[in-house]
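Protein chains: 2
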Amino acid sequence: MDPHMISELLVSNSTKIVFLIMDGLGGIQMEGKGGTELQAARTPHLDQLAEVSSCGLLDPVGPGITPGSGPAHFALFGYDPIQYNIGRGILEATGIDFPLTEKDVVARMNFATVDSGGKVTDRRAGRISSETNQRVCQKIRRGLKPGAGLEVIVETVKEHRGILVLRGEGLRGEIQDTDPEREGVPPLEARALAPEAKETAARVQNVLSQMGKILADEPKANMVLLRGFAKHTHYPSMKERYGLNSLAIAAYPMYRGISRLVGMTVLPSVSNLEEEFKALEENFSRYDFFFLHVKQTDSRGEDGDFDAKVAVIEEVDRYIPRVRALKPDVLVVTGDHATPAKLASHSWHPLPVILYSSYCLIDGVRQFDEVSCIQGALGRMRSVDLMPLALANARRLNKFGA
Amino acid sequence: MDPHMISELLVSNSTKIVFLIMDGLGGIQMEGKGGTELQAARTPHLDQLAEVSSCGLLDPVGPGITPGSGPAHFALFGYDPIQYNIGRGILEATGIDFPLTEKDVVARMNFATVDSGGKVTDRRAGRISSETNQRVCQKIRRGLKPGAGLEVIVETVKEHRGILVLRGEGLRGEIQDTDPEREGVPPLEARALAPEAKETAARVQNVLSQMGKILADEPKANMVLLRGFAKHTHYPSMKERYGLNSLAIAAYPMYRGISRLVGMTVLPSVSNLEEEFKALEENFSRYDFFFLHVKQTDSRGEDGDFDAKVAVIEEVDRYIPRVRALKPDVLVVTGDHATPAKLASHSWHPLPVILYSSYCLIDGVRQFDEVSCIQGALGRMRSVDLMPLALANARRLNKFGA
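Line by line, the protein sequences give chains Z and F. All residue numbers for the first sequence refer to our numbering, where the first residue is 447 and numbers rise by one. All residue numbers for the second sequence refer to our numbering, where the first residue is 447 and numbers rise by one.
Some clues are possibly wrong.
Stated by the list, open to error - Below, computed lysine to aspartate or glutamate pairings styled on DMTMM-like, alpha-carbon distance capped at 25 Å:
1) Z:K591 x Z:E629
2) Z:K479 x F:D775
3) Z:K644 x F:E454
4) Z:K479 x F:E497
5) Z:K788 x F:E497
6) F:K845 x Z:D831
7) Z:K479 x F:D493
8) F:K773 x Z:E477
9) F:K845 x Z:D526
10) Z:K788 x F:D775
11) F:K565 x F:E635
12) F:K845 x Z:E627
13) F:K845 x Z:E454
14) F:K462 x Z:E477
Stated by the list, open to error - Okay, the calculated bits of chain Z under chain F, using three or more residues with CB under 8 Å as the criterion:
15) 474 to 488
16) 500 to 511
17) 531 to 542
18) 793 to 804
19) 815 to 828
FYI, nobody ran anything at the bench for these hints, they're computed from the structure. Beta carbons are placed, not taken as given, at the ideal position from N, Cα and C, and that holds for glycine.
Required output: the full structure, derived from the provided sequences and hints.
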């Protein structure tokens with residue numbers, strides 16, 4: 447639905463919506479395992495919830511499209527994942543709480559090693575420590591002369607990873623990655639991918655050659671590689687779009703970052719499932735919308751470890767009674783995309799969804815898995831349509847038309 | 447999905463995709479037959495394939511829309527069937543291997559008989575032989591004076607059918623059919639359907655009146671009727687769009703023509719199922735994508751011959767083991783549209799689809815027919831979305847977004 451139309455239909459009430467998102471939840475059948483991860487997992491509480499809910503299958507972006515975490519989450523929050531496709535640089539920056547402004551172009555920065563001929567010999571600079579990263583960032587700050595009207599900020603993320611922020615008027619994000627994606631060749635030039643980005647590209651190139659000189663005497667981190675250039679733009683907040691005061695409960699920086707982009711309040715420190723669900727309980731009276739993010743389903747899927755992913759799902763299942771005890775008006779359980787252990791990567795497959803409210807159409811689905819949910823009342827839907835449906839079930843949307 | 451988005455996600459590998467297309471495959475239940483054509487047919491191999499695949503229902507163009515062969519096939523190849531709707535003239539021309547240029551406006555040309563008052567007495571000129579057609583075409587070529595800057599080409603297709611090509615700068619395709627679609631009235635004027643087409647319409651009208659004079663002494667083919675005017679435009683090829691070297695195996699000219707429009711290599715001569723499947727086997731190592739077209743399902747459906755259509759389906763079923771023995775990475779079995787014997791014509795009904803790969807989500811569908819496939823993991827989808835899904839299953843699409 448057109449977000450403006452949704453905005454015009456909004457009514458305010460005190461209902462509460464919980465989105466419990468297991469990252470990479472969806473799977474496919476794996477040989478010798480008797481089904482998909484969800485089919486194999488013992489999930490009595492999720493199955494019980496499915497029995498009184500509407501179920502279905504979600505397409506995160508579109509048929510055949512394997513989404514990154516950014517688009518997959520934007521879609522869940524009701525933001526068109528293609529329109530709001532954001533660069534890796536922005537995601538990294540928001541993940542470390544960096545306060546972006548609308549004058550900023552950001553790129554992900556990897557420290558790397560080049561030989562005397564300028565060829566990359568290690569794209570990760572031997573995975574230097576975060577302390578070394580901080581030290582060389584400080585060295586860059588002291589030595590760099592950005593030129594008139596430009597501010598350049600470098601920040602450590604972790605190990606060899608950091609961000610580069612260019613701040614100034616009229617900067618553009620259409621800059622080619624300088625990371626050649628392989629070793630034995632020099633870094634690429636920071637070429638403009640649009641005529642309007644030529645000046646920004648030249649400034650990036652100047653910054654890069656200064657950095658090369660500043661870092662020349664470093665044993666490992668003697669160059670930087672940049673990718674995912676993007677200009678920061680304003681995102682309408684969940685409050686502006688849906689009138690929701692929203693809380694994000696996520697252990698991993700990137701998901702906190704995405705939440706912050708759409709104006710959620712972000713809990714600063716939760717590091718495991720127990721802390722996450724406890725935070726949900728403790729904050730339940732203070733917000734309208736709760737995004738609770740479980741990372742491990744995706745991590746174990748990426749590892750290709752079917753059994754470990756099953757175990758994470760089963761662990762989450764044991765928390766379901768605590769979530770239901772809070773009596774949320776709407777409870778959605780799903781994932782952002784599929785990460786089948788068989789593929790050991792994100793994938794294009796649809797993923798199952800449960801939508802519970804006192805007003806949902808109860809279908810015949812009694813098990814929460816990909817195949818059972820085919821029969822669900824929600825049918826096959828796009829993730830981006832989930833939020834309007836949640837708002838409706840929370841009685842937060844007026845009638846359209848007379 | 448936006449084709450530009452798909453193009454940007456492409457990766458190259460050596461996977462092979464087979465589209466086995468039974469024209470007019472879909473059906474509806476017919477009284478006394480115990481079901482649809484597919485329900486009645488004994489298809490052990492297709493059922494076995496369905497059991498390890500994702501199944502679903504395809505909508506070729508849109509709800510309630512009965513597609514012609516052109517749009518139905520363009521959709522299967524991932525080309526928006528509304529945007530790429532092509533005129534009958536173009537289809538006919540490509541079907542006879544006529545080398546179209548971007549200066550060409552083409553119409554299908556039927557020889558007809560008119561009486562002394564100019565009224566059509568036979569819209570098919572008594573179905574003259576192809577030899578007579580060739581003779582009168584030659585007569586037209588000798589007699590016609592197209593005027594400055596215009597080249598006019600007439601080509602025999604078969605019996606009373608041919609094509610008329612106007613070649614020149616600035617020609618337009620928005621010309622009304624001159625075929626009145628009934629007898630007892632004169633041919634219609636070649637009117638412009640857009641102001642920009644006025645000059646082209648006048649030139650067509652001039653050609654037509656010359657033809658009337660040239661053919662005046664013919665006993666049967668003494669006039670031509672034109673329909674399906676269209677300007678030829680460039681179609682992005684399967685190679686450009688998807689990076690696929692594609693082979694079309696089709697016995698009927700029109701399907702070879704459509705394949706050629708999207709840049710497939712077309713096998714020149716296969717005339718029955720055995721030859722088609724043999725051609726697939728012989729060429730399997732040399733292409734990435736294979737379009738194998740079975741015409742008879744549609745022909746028997748058009749005849750209203752339920753049992754004969756069932757027999758064709760059963761015959762194709764017997765070839766499935768040979769296709770699977772080739773171990774294609776992705777095997778799609780479906781049709782372009784429905785041609786229910788009960789209607790004896792193309793129809794708007796959805797049609798079942800099987801998508802097999804090592805990475806498909808296996809649903810509970812165990813029979814390949816319209817009703818069983820409702821329960822499939824692909825759900826109800828548009829034909830145009832099938833190609834991105836096939837590319838994903840062939841691991842030919844990168845992740846979208848960070």
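Verification of the supplied hints:
1. Restraint check for K591 of chain Z and E629 of chain Z: not satisfied, since their Cα atoms lie roughly 29 Å apart, outside the 25 Å limit.
2. Between the alpha carbons of K479 of chain Z and D775 of chain F the distance comes to roughly 22 Å, so the proposed pair stays at or under 25 Å and holds.
3. Proximity of K644 of chain Z to E454 of chain F is assessed by CA-CA distance (about 22 Å); at most 25 Å being required, the pair is judged to hold.
4. At most 25 Å may separate the alpha-carbon atoms for a hinted pair to count; K479 of chain Z and E497 of chain F meet this at roughly 17 Å.
5. Distance hint between K788 of chain Z and E497 of chain F is fulfilled; the C-alpha atoms sit about 19 Å from each other, no more than 25 Å.
6. Taken as a hint, the K845 of chain F and D831 of chain Z pair is honoured in the structure, with Cα atoms around 21 Å apart against an allowance of 25 Å.
7. The hinted pair formed by K479 of chain Z and D493 of chain F meets the criterion: a straight-line CA distance of about 23 Å does not exceed 25 Å.
8. Of the pairs offered as hints, the one joining K773 of chain F and E477 of chain Z holds, with about 18 Å between alpha carbons and a cut-off of 25 Å not exceeded.
9. This hinted pair checks out: K845 of chain F and D526 of chain Z have alpha carbons roughly 17 Å apart, not beyond 25 Å.
10. Using a Cα cut-off of 25 Å, the hinted pair K788 of chain Z and D775 of chain F holds, with the two alpha carbons roughly 16 Å apart.
11. For a cut-off of 25 Å, the pair hint linking K565 of chain F to E635 of chain F stands: about 13 Å separates their Cα positions.
12. Restraint check for K845 of chain F and E627 of chain Z: satisfied, since their Cα atoms lie roughly 16 Å apart, inside the 25 Å limit.
13. For the given pair, K845 of chain F sits about 34 Å from E454 of chain Z by alpha-carbon distance, which is inconsistent with the 25 Å threshold.
14. For the hint linking K462 of chain F to E477 of chain Z, the alpha-carbon distance of about 22 Å falls within 25 Å, and the restraint holds.
15. Counting residues of the segment 474 to 488 of chain Z whose beta-carbon sits less than 8 Å from any beta-carbon of chain F gives 3, enough to reach three: the coverage restraint holds.
16. Under a criterion of three residues with beta carbons nearer than 8 Å to beta carbons of chain F, the stated coverage of the segment 500 to 511 of chain Z is upheld, 6 such residues being counted.
17. Interface restraint, the segment 531 to 542 of chain Z with chain F: holds (5 residues with C-beta to C-beta distance below 8 Å; minimum three).
18. For the segment 793 to 804 of chain Z, the proposed coverage by chain F is satisfied: 4 residues have a C-beta within less than 8 Å of a C-beta in that chain, meeting the threshold of three.
19. Remark: the segment 815 to 828 of chain Z is confirmed as covered by chain F, as 6 of its residues place a Cβ nearer than 8 Å to a Cβ of that chain, reaching the required three.
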